[in-house]
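Following the hints, put chain B in place on chain A, whose structure we already have.
Taken in sequence, the protein lines are chains A and B. Quick note: the first sequence, position 159, residue 159 per my numbering, numbers continuous. Quick note: the second sequence, position 94, residue 94 per my numbering, numbers continuous.
Every clue listed holds true.
So these bits of chain A aren't anywhere near chain B, every CB distance computed over 10 Å:
# : residue
1 : Tyr233
2 : Arg284
3 : Glu383
4 : Lys439
Footprint (simulated), chain A over chain B, 3 or more residues, beta carbon under 8 Å:
# : region
5 : 166 to 175
6 : 437 to 446
7 : 478 to 485
Below, simulated SDA-like cross-link-like pairs (lysine to any residue); rule was C-alpha separation at most 20 Å, straight line:
#  : chain 1 : residue 1 : chain 2 : residue 2
8  : B       : Lys172    : A       : Phe193
9  : B       : Lys175    : A       : Glu199
10 : B       : Lys172    : A       : Met195
11 : B       : Lys612    : B       : Tyr557
12 : B       : Lys172    : A       : Ser192
13 : B       : Lys599    : B       : Tyr557
14 : B       : Lys175    : B       : Val144
15 : B       : Lys147    : A       : Glu199
16 : B       : Lys287    : B       : Arg346
17 : A       : Lys427    : B       : Ala508
18 : B       : Lys147    : A       : Pro196
19 : B       : Lys172    : A       : Pro196
20 : B       : Lys172    : A       : Glu199
21 : B       : Lys507    : A       : Gly425
22 : B       : Lys504    : A       : Gly425
23 : B       : Lys147    : A       : Arg191
24 : B       : Lys507    : A       : Pro419
25 : B       : Lys507    : A       : Arg431
26 : B       : Lys598    : B       : Asp525
27 : B       : Lys172    : A       : Phe176
Note that these hints are calculated values from the structure, not bench results. Positions of the beta carbon are idealized from the N, C-alpha and C atoms, including for glycine.
One letter stands for each residue in the lines below.
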Amino acid sequence: MLRREKLLEALATLRRGEAATAPPTPPAETVRDTSASPPGAEPEPSPDGAAGTESTAHENAHAIAVVLGGRWVDTPHGPAFVRETVWPLDHRHGRWPLGAPLDVAPETLAAVWSTAQPPSVRRLGFLDTETTGLAGGTGTYVFLAGLGTFQDRSFRLRQYFLPSLDGERAMLSLLFEDIERLDGVITYNGRSFDMPLLEARRTLSRLRETSRDPAGARQHHHFDLLRAVRRIYRHRFPSCALIEAETRLIGHHRSADVAGALIPTLYFEYIRAGRMAPLREVFRHNAIDILSLASVLAALASLFAAAGAGSEIAVDDALALARWWELEGDPRRAEALYRSALDRIEPQAAGSSWLEAARRHAAILRSLGDRDGAARLWARLWEQGDLRGGVELAKHFEHAVRDLPRAEAIALALLARWPDRDDGGRKEVVRRLERIRRKHERFSAPRQAAS
Amino acid sequence: MPLSDVLDSLRSDPDLRGCFTAWRDVPPAPGKYADFPPGVDDRLVKALHAHGIDRLYTHQAAAARAALEGRDLVVVTPTASGKTLCYNLPVLQTILSNPDARALYLFPTKALSQDQMEELHGLVAQADADVKTYTYDGDTPGEVRRKIREAGHVVVTNPDMLHTGVLPHHTKWVKLFENLKFVVIDELHQYRGVFGSHVANLLRRLRRICAFYGSRPVFIACSATIANPADLASQILGKPVALIDESGAPRGRKIVAVYNPPVVNRELGIRQSSVNAARVLATKLLKSNVQTIVFAPSRVRVELLLRYLRAEMRRRPGEPERVEGYRGGYLPSERRAVERGLREGRILGVVSTNALELGIDIGGLDASILTGFPGSLASAWQQMGRAGRRNGLSFAVLVASSSPLAQYLAAHPEYLFSTPVEEGRIDAENLLVRISHIKCAAFELPFREAEEFGPDTRELLDALAQENVLVRSGGVYHWMAEAFPAEQVSLRSAAIDNFVVIEKGTKARVIGEVDRPSAPLLIHDEAIYMHGGTQYHVDQLDWKEKKAYVRKVDVDYYTDANLAVDLEVLDSFAREERGGVIIEHGEVALKWVATIFKKLKLFTNENVGWGKIQLPEETRHTTAYWISFDEAAVEPFPAARVEEGLSGLAHLLRHIAPIFLLCDPRDLQATAQVRSPFTGRPTIFVCENHPGGVGMARRLFEVHDRILQASRDVIGRCECANGCPGCVGPGVGASPGNKEAALRLLERVLSHAPA
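Next comes chain A alone, as it looks inside the complex (with noise of 0.2 Å):
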């Protein structure tokens, strides 16, 4: 007894040790309940014991529990293992406290997850996986799901772990039970990543009614931030991982965070030879993903709240959010943020978005009926020397104002400037100007015949 509690001890000192030198843990508040027994187990507590042996990890739970801080919880399946931190609502990731999205209007919530009714960021959890490949496919393991919720004043992360290979079926039950519990989850990539991967371990942990699950009675939401992402920043961003919207977006670096790649084996040394201790930093990895979750809504609600409010935003974010309100069958938000956007941009700059955005905001306005702002745009574009501006513009004044003579002269024009390589545009012009031509010819013979 007494070994065995001065060892805990020894170990519990060596972790804080361990944690003073090495790269910092997340800057947990409290770390709750890290001596807790684990159930029905006679351990020998050796922290690099196998885990993947015969022995399995029941002989190692106190040792696990010690080294990854967390604790042994009962279902119905076994018992599972997991590790709870708990900050602060004004810890500060990157730019923004993790509170941040409670104060996110539920009008900007709608935007940024183009929902009706968004449910309440308090009733969604923030999820991310740490998995064995990312080959996909039902020989991936998830052994380690992060799951970040807010609490009454608190921001709570909850870790499942996959401690041994036969508990899968209790890490999941109790992970499920939890996601469940909520109404929804908020993922990075997770629609077609985190979420299929787990609900193939479901599945083969038979962990449901398969195939007969009425795909739950309530609707559950899950919100990909990716999409959000991907969307606004594609464009900008060298790649829309999570690590560089982390840097680009909230401001985060991460110091000496363990290489992604590395991952899945450092879990495959733990099962196999049992080095528990590097999955410390696996842990840690983990939870600056989900806590960089909360922040990058924040920053993409601020984004939407400050367009929202028509608040000038930069250039380049007026017209990503432009875009995203014509994808999203918004013309009229659409317009005016081109409008705003297109009012600061110098058409004839390196690499200007000005054309690309007066196209499309010229198409707007022709849809929404204002065909002389329209009309103007293409001017423009046609002095810009933009061929397809000059294509509207001369349809502008052939069919609409009916200026044929206008019509005529600026299709010659086109004609002139059109690229040989270009065959089939070219073959449209000239149609174009043969009908203006008959048309022309139309309406002046009969006044010719009168005088």
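Chain B alone, transformed into the frame defined by chain A:
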């Protein structure tokens, strides 16, 4: 003109009649019919009535009954005997009575699975039933895939897709696997040799997954005629199966002939080419309105024959073409149109590769012409089987090419008629193949330690755990690696990715596809790529992007590319010396590169130019077994005889070894080198065709005395004079001694064999 009159005129034609070396009259057989099995849904019966089917053939009824009773079975019946109904009937019947029921159809190729859909769709539409049938393969768009997984009653796919796209993601297919009632495996005879060994293990994986979801599907296999269908089926399916091999389909009278083209150069003994001979025969048949299929051994020859026959069958302006081509690489829509045209009789003639040898429904035709021997007796009979009317006369003729094998058959047509068709052999327990699939299987579902996946599963699992791929935990082996094992295992020896052929222009369009091994030969820069009788000039082959850009041309030549093949020994794993003979096995690199192309004039084959082909050399590493002989062994023979003896021995080994190695001759290739650069001596190599090899070269080395003795017995017992396909292969020309030379070489090896 009725066919009988056309045949009379062929036989009495002074130019042709001497060329028929065989003319067999196969008597007709009446149809044997049976009623629908009891309880078949009225909607299905009505749909079949609408298709003109009022009762079943006995084999269809027997198959349907067995399948509905839950028995695994294999159906072996001739071409066009209504084989697909043998499985479509029980499958649709089951789905109509239980809308949750699911079926999985496996066809050996993507093209074939698409071909088969039409009939099923037709039947479902007629029955006015809500039965959803889908093709699931590499071409299926993402958004459709989800729907198929959820709602597809019949999912049609191929082994490669099952291997990489379905089984490793089985949790997305819960509905299918929980309710899987039938697995249909058509063209079973294709799964021979190493490919078959892979498929047998793939089906083991499928059964594991079915068991996990609690289903126990009935397997229905269909095979063309091979020597041992029930045996092959039970090996591939891993359990005994019922054999249904008595066709109830009626058969009309049929003439089967062998035609050796006339000698056109007496001094050199050169005969008219088989392509030209086939053209002459086909023209006579087509001009008499006889619906004819012409099989040609390569895509270029298909296109040449198509062009020639269209020239012969010149139409009046505005009339549609009555002769079409058919081969791999045509667009699915083009193929469907030809199939329909043939069934409806709008198309009078079709020139095809062996693509139409398979079970695509084109109805029975009047005549079938084989340009050259297709390589196996089973293929030859399949192709000849395309000619066959339920009542009335039909005609099939093999036109011999100049190859020694075809010439042998022309000279000894009784060989064709009396030799049993080939056996299909697999080795489901091949260690390398099995380990590959154990890895895939462990990825799909953890292995319980008592579970069996062939013999000694436990030991293999332990070894994989040692390899750090699996982890044993609580008596269960889990996959514990980042890799996706199915992607590292190819079921086939050749890559199945295709190059696309794009016609340039304002609206560029894909006109066809070319499989990768053929791309250097058919769509290199400046090649004339022929498609459906139209010529296209290849302006550029983008090797990396797998695209060839072509434009339509009309020129009087075609191109024929030359492939240089080389074999290099990389490493010798083991070596045995006996007398002066050295036997080894080891690793080799097979290299091939397209070097030059010739421009050959249409019709005359006159050489009108050539060019170089600049494409990267391709290499395949594999394993080989080789025997090299000392000078004393070859001393008694003149140089030419040495080469013949070596080639004879190579031919013999390639055909005898598969019996012992449980593989197919196409899994091996044998090469004779009079002076091998590696051994510096006369050497024969037997190489595995599968990339990396699957251990057959080593096995050959281990058991070679048995194989060499068997080979000697074969020569000793063979009654032919100078070699025949059954022993050392027919010699080139009439050299009397190659059998003897091969025998002497064999004796040399065996005389020093350990007792």
